[in-house]
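Trainee: Based on the hints, put chains E, H and B in the right spot on chain P.
Take a look at the letters that make up each chain.
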Amino acid sequence: MANRLPLEGIRILDMGQFWAAPNAGRAWADAGAEVIKVESCRRPDPLRIQARKIYPDNDPGGEHGDHWNRSGMVNERNRSKLSLALDLSHPKGRDLFIELAKQSDAVSQNYSLGVMDRLGIGWDVLHKANPKLVMVSIMSQGLTGPESSYVSYGQNLEQLGGISYTSGYPDDEKSSVGFALPDPIGGATAAFALIAALRHREETGEGLHIDLSQREAATLIIGDAIVEYSLTGQVPPRIGNHEPGSNPSECYPCEGEDEWIAISISNDAEWLRLCEAMERVNLGSDNRFATIVGRMRNRDAVDELIGEWTARFEKMELFKLLQSHHITAGAITNPRELFQDPHLRERGFWEQVEDYSCGTQEYYGRPMHLSENPYGTRTPTPKLGQHNYEILGGLLSLSNSEIDQLTNEGVIGTEPILTAEGGMARRAS
Amino acid sequence: MTDRTTQPDDTSGLPLDGIRVLDLGMFWAGPFAGKWLADGGAQVIKIESGSHPDNLRILARGVYPNGEPGERSWNRSGMINERNRNKLGITIEMGTTEGREIFRRLVAISDVVIENFSNRVMKKWELDYDHLSKINPEIILASVYSQGSTGPESGYVSFGGTLEQLAGITYITGYANEMPGVLTVQLPDPAGGAMATGLILSALRQRRLTGKGLHIDLSQRENVVGLLGAQVLDFGMNERITERIGNRDPHMAPHGCYRCSGEDAWVTLAISSDDEWAALAHLIGQESLIHDDRFATVGARHRNHDELDSIISDWTKDRGKIDTMHQLQDAGIAAGAVYTAADLYADPHLEARSFWEATDEPDAGPHRFPGRPGQLSKTPLGTRLPTPTLGQHNEYVFRELLGMTDDEYAALETSGLITTEPTEAAQKGRL
Amino acid sequence: MSGPLDGLTIVEGGHGIPAAYCTQIMGVLGANVIKIEPPEGDETRRLGPFPNDAPDRESSALFLYLNRNKRSVTLDLDTPSGQDLFRSIVKRADAVVENFAPGYCDERNISYAALSDEHDSLVMSSITPFGQNGPYRDWHATEMTLFAIGGLMNIVGDINREPLKFGGSPALHVAGINSFTATMLAMHLAETAGIGQHVDVSVLEGLGASHFQDLVDYEYHRTVIRRGDMRTPIPTSDGFISFQVQAHVYNDFRRLILGPDAADDDRDAASAIQAQQSGEMDLEILTWSLEKTKLEAYRLGQEAHVPAAYLADMSDIMASPQLQAREFFVEIEHPKAGTLTYPGFPAKLTGSDCRFEPAPLLGQHTHEVISEFTDLSAAEIGELQAAGVL
Amino acid sequence: MKNKEQPPLSGIRVLDIGREIAGPFCARLLARLGADVIKIEAPGRGDPIRGRGPFQPSAAKGESGPMHLYLNEGKRGITIDLASVSGRELFLKLVEKSHVVIENFEPRVMDKLNLAGEVLRERQASIIVTSISNFGNTGPYRDYQASELTMFSMGGHLYRSGQLGRPPIRMGGAPAEFLAALSAAYGTMLAIRSAEESGIGQNVDFSILESQVTSHAQAMVEVSYYGTEVAAGNPRGETLRGVDTKDGMAMVSAQEQQMARLAALIGAPEELGRPNPLDPGSSKQALDEYLSRWAADRTKREVYEAGQGVHVPASFAANAADLIESPQYQHRGFLQEIDHPEAGTVTVPGLPFQWENAWAPTRPAPCLGEHNIEVYSSLLDISREELTQLSGAGVI
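Residue numbers (numbering that gives the first Met the number 0), protein chains in the order written: chain P, 0 to 428; chain E, 0 to 430; chain H, 0 to 389; chain B, 0 to 395.
For reference, chain P alone in the conformation it holds in the complex (with noise of 0.2 Å):
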């Protein structure tokens, strides 16, 4: 019983493109839930055909010539779904998905506002042909409001959402930089939405529709600014590395081009433990360093005589020296050196799958293990239509003829047609 997935038994409609989206559907697949990743030969996941293409060994082509279905954003973040290629512009089309839509829990969706109803599978439509059905929109600022048609790009809803004000050197406005976190947090905060919606569901027999913001979502990271402005009137200031409470924490040279360590101390014995790592014992008794005080008020020397030290060391084996003397220290790593990271590897963190068109790869995997329900990567990330007939035979029980007629019409397929990209970019990411 326990071993039995948390999701086992739901079925997700996972129209999510680029980011946020898929990357929400990926973990509900990961879960149990039967995810099937609803694309279209017109409108394929613009990540397959469009901007930001990685294939291996940068290679467009492989062996069978079907680039759309090695690009590796798409590959990393639809693992473990079902892939059904619908034209939804094609009246059928929209037919079959509402019949899907009744025999499933869930719509998963980051088109633009307006694009669903468009199509004619907007929220009345859905909640009409199956009144238990959840369904999740995951928006740039929500479905209401006087911006909720506005567009931006993850930096966009950084700054909209409050987080690069906070962000970057004290004295530099300008300096912040983009990481595009609102993505993640948008396809975390979807996840954890849909659950908490289906318990609802179950409990009340009622389907519902879930109205997120990606803005909002953004917001949340810099809540606390938010209350203290409340309190204060004050805007809070840009503090950059600077962590309260702190002194010193920044980040430090190390041996090589452009290397560094992030060290903070969070109170004196810890810069006593600090003191003993430089064999600079002394200095735990000088008094311009020995108090938090003293610290502040001599930030520069503090500043100068750790990093004067952390410049001799290379950053990793400095990371470990200093955390064998239990200070709380962390190296600025690179994509690359998190990769081969042991503490990583040893957790089993990365995830072989053997890929249908792009060979054995490598994927990061989930950031946590349940005891009792190990769950994973299932299956590889579908080719485009990989599973047409196994959805519209199984469950709409259309014939092999049906659904090959289906194919001739072109409301299904396996391969693009690279024609309407226009507006892609117009989405929220």
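Take every hint as true, because none was put in to throw you off.
Only pairs whose alpha carbons sit at most 16 Å apart, straight line, appear in this in silico EDC-like list of lysine to aspartate or glutamate:
#	chain 1	residue 1	chain 2	residue 2
1	P	Lys173	B	Asp246
2	P	Lys131	P	Glu205
3	H	Lys335	B	Glu341
Cβ pair distances, simulated, as ranges:
#	chain 1	residue 1	chain 2	residue 2	range
4	E	His130	H	Glu330	31 to 39 Å
5	B	Ile323	H	Glu356	32 to 40 Å
6	H	Glu106	B	Asp110	29 to 37 Å
7	B	Asp110	P	Gly60	47 to 55 Å
Counterexamples of contact, computed for chain P against chain B with all Cβ distances above 12 Å:
#	residue
8	Gly64
9	Lys91
10	Gly121
By construction, these hints were calculated from the structure, which means they are not laboratory data. Here a beta-carbon is modelled for each residue, glycine too, at the ideal position from N, C-alpha and C.
Mentor: The following block gives chains E, H and B in isolation, referenced to the frame of chain P:
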């Protein structure tokens, strides 16, 4: 202001050097304050009279060396000698106008007057604060009343024991759920004496700031109620009247007094945390009890306190109280043997702290008496002078301080205003 | 002026009753008392009773009483940052009154030696159960164990049963009074001669110096006094009273009980009193007492000059005509605990008034005091708070 | 069947023994959806986050810090000394009446307290223990110490931030911990679902480092496919392409197909709207110059509105004040006012999604031990006398 040339002792460097105190105190609370000030270096003149010596000199059942009153028993009473060290002793018949005139002359050259009569006496003598301040505007009068100078009961007489009852201590002392007992350790007197001393020192500060003397109207009863603040607030908070709970504690458990081997031998112990409980269980060789549901948690130990008591008693009953105390303390548990006077005098810790101070009374001989609660690092306090015999320093005080001539002084002696012996009537009280 | 200790700044440290009660007295007399609490607060905040028996660190009856008039600063003295702030505060204070465990201050470089280094006239009173030295220095103690070792418990209770502690915590409170006195003694020298010093107060020795008779009995003729058969008080219609009859009032006492025309007893006072105490007149006394209330019996006795007393419980105390006439009780409004009735102050000093402000909330004055006593900026204070030092 | 007025997680009880940010925020998300969340803190000191100000000068200690008010809103608060036998027993009694425990101690702590999931399930088979740790409950870095800065440093984002010659600069707020809390809430919901079906609880072992690694747009798959991320070499110095306005920074992220509309908007020559395929960079640069001149005498909101008016992704760096005044947020009721006994009225973000009755009516962050009586008497029916004993012994 004091002429030191013939002063009986040297107080230079001590905190109160140069302060002169007239100590009319009787019994305990007043004299206790006088002793504190004398220890601190003040020149404290204990004033008695032949007709009214300090009652402790002439108690019905006094305490004398080897139980023998001997000659001049009034100078051999332990109760007087234990609490009047470092003072000068004189006699004045305060009942007479002449006597009070002499007293007034002393007031003029003094800083502090201490008295613990009932509140009628000083008025009757026209020596209340209003009168004294006319003689010496900078004088500080410390009245250690039993219930203060005002109010319907202000004239009532009391002793430490009766004050304990009136202030609520006696009611909450006793075996749980049983009739109360008349139980006393006379705590109000030392408490009142100490409070009076602190207030006198505060008053000296006020005088430094204002240039004016003042009257301290202290109620010993109130001083004792002040020791029960939490119980007073509890009544207002929860309309709860604190009752007797024996040796139990509202927070700590086990918390009690347990019989040890030997005659009337007992040890107390108090457990304030799970860790201390574990330590105790180990010590008494009952590790299994540490996680026993009856005792594992704070609430459980309170609920099953009776069981705990018998378990602990079983362990203590065959052990010496002192050894047990040491064993418990070594295990980090708050414990104390129930000490008798003999145990106190024999205690190595008090010995190491030189708590006991040697005196040598002219008529009672060498003895050791308790020191004091507080020790000063730069100006150590100690016993410089034994308790004076009745009127011992008449000559110094009247001749040196008041500058009386030989004739004046002789006249005093013959008139019986001063003496070194209690009157017959006074001594009768001792029969 | 408001109080005799106006202008004195006292820093209080440590947990529990003695130091807090000592500085409570000083606060009532006008001193500016700064209570240094660890970030988790003084232990007495945890001790009941509480209003409606609901534990709350802001409304412990014991804490509210012991800490009125004070300002509370939270400071983590286990960190050099906290110790440094403690030193800066003391630098501008007149006295420190603390009851940390012996050695605590030395380990943290806030001992008298360290503090007086830059402050000649500083008075520091250290209050501990057993004093700053000697074999028991580091022993644990409570009200009861000190009452026992102090030799007082031995004389309380019934000789055939276990000795008793006094109800409540009077011994620890008296230790606070003793500390007040000892501290003022040192303050006198500090203020008049600029000489500060360290005052070592031992609770045990305070009790050792508070024996009425049994020490002397032992010292003078090696007699060990113990508690006797427990005397029960005299019942009245609504409670209990007792008389302490002495020689010179013995016949007044006879007339009180037996009527105005009772003849004098021709025995000598001592043996007469002994007879009375061993029950000779009990029947007559009962007949007399049972038809009176305890207050009536008390008054009649006192009017006959016989030291009489009634066993007052807390309701009697609060209702006492005497205490009310003296306006002994005061009402203090506290933001969390509400308005409650407190004991006032046992003495009235001409020319000055007592001060009664509520006890502080935990850390209520941290910001205020730190800004007043140090040159720290709001931002620096914020960092210290975030780091858990304040 | 439950009526739909009740929030989705009503009936679920969560014991939040978390501290600082990740654990408490995870619990707070569940509280907002109607779970009965009991925040359990150490007596006296409480959650260290309480120390994070700014505070009003005379505020009661630890009750009115913005981060605390934000993270612990919607919960009841009690105190237990988990390290004491008595405290541990109290906690286990609560576990018997709860569904979820959320903790973010360092991994060794729960074992040291003998409160590992296996132990808890002896008392309550269906209990779920969500553990959010920096590096996870296994692996060589398991017991390493970390903070927001060091976790974000190791997450593979920081290396490309900031300006050359200056240290890398972290993202504002606490993204590593908040993102972790959101994902952990998902894991917890999965476990709840599983437990409601099977009656069997489990441990959710969550790693902040791993959640950072899964938060990359493409770098990880680039490494996997190419052996190196495209952005390799030295990427630093690249910052947001912001433009200065009269009152702050804005940004216009026009893509090729949007250039024409942008050019028209800012009055740039039409040809700049048609980038030269041979040299797209040059026209982009020229366009940027027009853009900055155009933006210089407009407010950040004007730039935002105008850009969006022509369907060009435009935005501005909103600060807390802008967000509270945002018409969009006000329309959606994302920010709400709560009255707090110590702090007064504060504005707190709700959840970033909504449906009818999705949100539980909330309550202000609890004062330390505020609900001891309520919880201990009503839930465990412990007498007030015993509560006073427990308080005296420092257990609560």
